[in-house]
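Participant: Sequence:
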Amino acid sequence: MKKFLFDLFPLILFFVAYRLADIYVATAVAIAAAVLQILWIKLTRKPIETMHWVNFAVIVFFGGATLWLQNEAFIKWKPTVLYWLFGAVLLVSKYLLNKNLIQKLLGAKVSMPDIAWNKLNLSWALFFMVAGGLNLFVAFSGLFSESQWVNFKVFGLMALLIVFVIAQSIWLGKHMQQDEGSEVLPTAALPPTDAKENKP
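Using numbering that gives the first Met the number 0, read the sequence shown as starting at 0 and increasing by one per residue.
Worth double-checking, as some hints may not be accurate.
Said to hold, decoys possible - Calculated pairs, DSS-like style, for lysine-lysine (alpha carbon to alpha carbon, straight line, at most 27 Å):
| # | residue 1 | residue 2 |
| --- | --- | --- |
| 1 | K93 | K108 |
| 2 | K103 | K93 |
| 3 | K45 | K103 |
| 4 | K103 | K41 |
| 5 | K118 | K108 |
| 6 | K173 | K108 |
| 7 | K93 | K173 |
| 8 | K173 | K98 |
| 9 | K118 | K41 |
| 10 | K41 | K93 |
| 11 | K118 | K93 |
| 12 | K98 | K118 |
| 13 | K108 | K98 |
| 14 | K118 | K45 |
| 15 | K103 | K118 |
Claimed, not checked - Derived DEER-like restraints, expressed as beta-carbon distance ranges:
| # | residue 1 | residue 2 | range |
| --- | --- | --- | --- |
| 16 | L66 | S146 | 35 to 41 Å |
| 17 | P112 | S140 | 37 to 43 Å |
| 18 | L38 | N70 | 41 to 47 Å |
| 19 | K103 | N70 | 18 to 24 Å |
| 20 | L105 | F143 | 33 to 39 Å |
| 21 | V162 | T49 | 34 to 40 Å |
| 22 | V59 | P112 | 37 to 43 Å |
Calculated directly from the structure, the hints in this document are not laboratory data.
Small disclaimer: the values here were computed from a predicted structure and weren't measured.
Don't be surprised by glycine CBs; every beta carbon is placed ideally from N, CA and C.
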């Protein structure tokens, strides 16, 4: 829970600052929060995860462009770019480099056949692509206000992620049970060769 809240630190401050001021103040606060996040990890001598660096670079670039040009469109693009970047990395790693990053991340704790890992990797990539597209729709379709986009960015995307993770956990649990069963049944069906060899 502490790590989860720490990762959400810039997003939470962005939302609070927006409610107290406007999109530009909120953007500046989010950039400052991202900088403090990296500094805190450095000071505590903990390893900085790749996700933290990527999020830091994206918020500084798009947030900086928003403040420099006084154009909120850049910060609205930020979630989409971040999600599409994650999705692209998963797809490129799997289909061009033949590396399943989801399997690399969870493989030490979960045992599944390669086909299941490939489905899991693809489903995460597609989720990121769809989530990024939804953000663009809410931000630029003209059907939603800026305030509604902020709510979607903070709560809507988070809710989608939680629902997706729960669905993935259910699917993963069922597949792991099937995988374990497929390993147990053939072993149990083997003839007791040692017992036969010991008979007179």
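Participant: Identify every previously stated hint that the structure contradicts and give their numbers, smallest first.
Facilitator: 9, 10, 14, 16, 18, 19 and 21
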